[in-house]
Amino acid sequence: MTAQTFETDFWKDNELRKTWEQIVPGEPRKTIPYTLTLEAIQKYCRVVGDTHPLYFDEEYAKTTPYKGLIAPPTIHILLMFACTPADDWMRSPGTVNAGQSWSYNIPARPGDTIRLEARALDKFIKKDRLFVVHDNVFFNQHNQVICSGRGQTIRPA
Amino acid sequence: MTTTTQFEAGHKITGTPFSPTRETIRAFCEASLDFNPLHLDDEYMKGDFGKTNFGGIIMHGMNNFGVITKMLTDWIYAHGGVQRRLETRWKMPVKPGDTITPSAVVKAGKDTQTGRWFMLDVQVQNQRGEVVAVGEAMVEIPLAS
Chain V
1099 MTAQTFETDF WKDNELRKTW EQIVPGEPRK TIPYTLTLEA IQKYCRVVGD
1149 THPLYFDEEY AKTTPYKGLI APPTIHILLM FACTPADDWM RSPGTVNAGQ
1199 SWSYNIPARP GDTIRLEARA LDKFIKKDRL FVVHDNVFFN QHNQVICSGR
1249 GQTIRPA
Chain Z
117 MTTTTQFEAG HKITGTPFSP TRETIRAFCE ASLDFNPLHL DDEYMKGDFG
167 KTNFGGIIMH GMNNFGVITK MLTDWIYAHG GVQRRLETRW KMPVKPGDTI
217 TPSAVVKAGK DTQTGRWFML DVQVQNQRGE VVAVGEAMVE IPLAS
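So the protein sequences, as listed, match chains V and Z.
Residues 1099 to 1255 in our numbering are what the first sequence spells out, letter by letter.
Residues 117 to 261 in our numbering are what the second sequence spells out, letter by letter.
Bear in mind the hints are in silico, worked out from the structure with no lab data behind them.
Since no wrong hints were added, every one of them can be taken at face value.
Below, a list of computed lysine-lysine pairs in the PhoX-like style, where the Cα atoms sit at most 25 angstroms apart:
{"no.": "1", "chain 1": "V", "residue 1": "K1225", "chain 2": "Z", "residue 2": "K211"}
{"no.": "2", "chain 1": "Z", "residue 1": "K167", "chain 2": "V", "residue 2": "K1225"}
{"no.": "3", "chain 1": "V", "residue 1": "K1221", "chain 2": "V", "residue 2": "K1116"}
A short list of chain Z residues far from chain V (calculated; beta carbon distances all over 12 angstroms):
{"no.": "4", "residue": "S219"}
{"no.": "5", "residue": "A224"}
{"no.": "6", "residue": "D227"}
{"no.": "7", "residue": "Q229"}
{"no.": "8", "residue": "Q243"}
{"no.": "9", "residue": "R244"}
Note that the structure is predicted; figures quoted are calculated from it, not measured.
Positions of the beta carbon are idealized from the N, C-alpha and C atoms, including for glycine.
Isolated chain V, as found in the complex (with noise of 0.2 angstroms):
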């Protein structure tokens, strides 16, 4: 995927996104592989500020355990968006994240191709808003995990 054929208008099909009454808990979302390009990694890590050497020096992360460059654990915050569709209900406007929780297993690196399985877990209303529970795991072209992570999203009413 490019810049160029990403839909940054996350208005636009909308209507074709499940809502909450519709999504369906331990129905499978439907996600798109997703290669991993050191460029994506970079502009990633530079935009929160984190410019560690295992990242960005590929001499010095040769001489560490990890033989090379890798992606900091949170490049699961790309890949979430990365590895789904334009009409996958993450992207409806409103959508507000309530909490997160991930489990790292190995790091992710540059011309990976990367992998999600993901669905809704549960869901439930409570102080009057619309829960979801996400569940989400992301595996590398050797089908090793990378991360796994569940979430907590207020579906827009």
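Take the given structure of chain V and dock chain Z to it, following the hints.
Relative to chain V, chain Z alone:
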């Protein structure tokens, strides 16, 4: 690599302050591909979200996640360690013009057959000392094989 590192309960680490602007929030949209209008559209943000009105665009909650993680990895990479887990809950929105600073305190440690694990309480405060995010983290310093 240091494998004998021990951190006692109460050991505190502090991360680099981060000052979001409209430009950094826009750049986070571009880098994360999260173009939710919460982060882009002042007109949209004039509306109410249930009982909440944010009064303008807000920083991505996950930007906090990145700022906390930089603190944890800067600390633990230097000791040959790995960030294993991070859980956060957002308490307050962060807006352009704020400055947020993450910190963490070691809560407990545990040695297993493969490594030394530390659990930490994490929080992020804004320039007024208000807590905008809280959470827990876990890091591992693997034993030399």
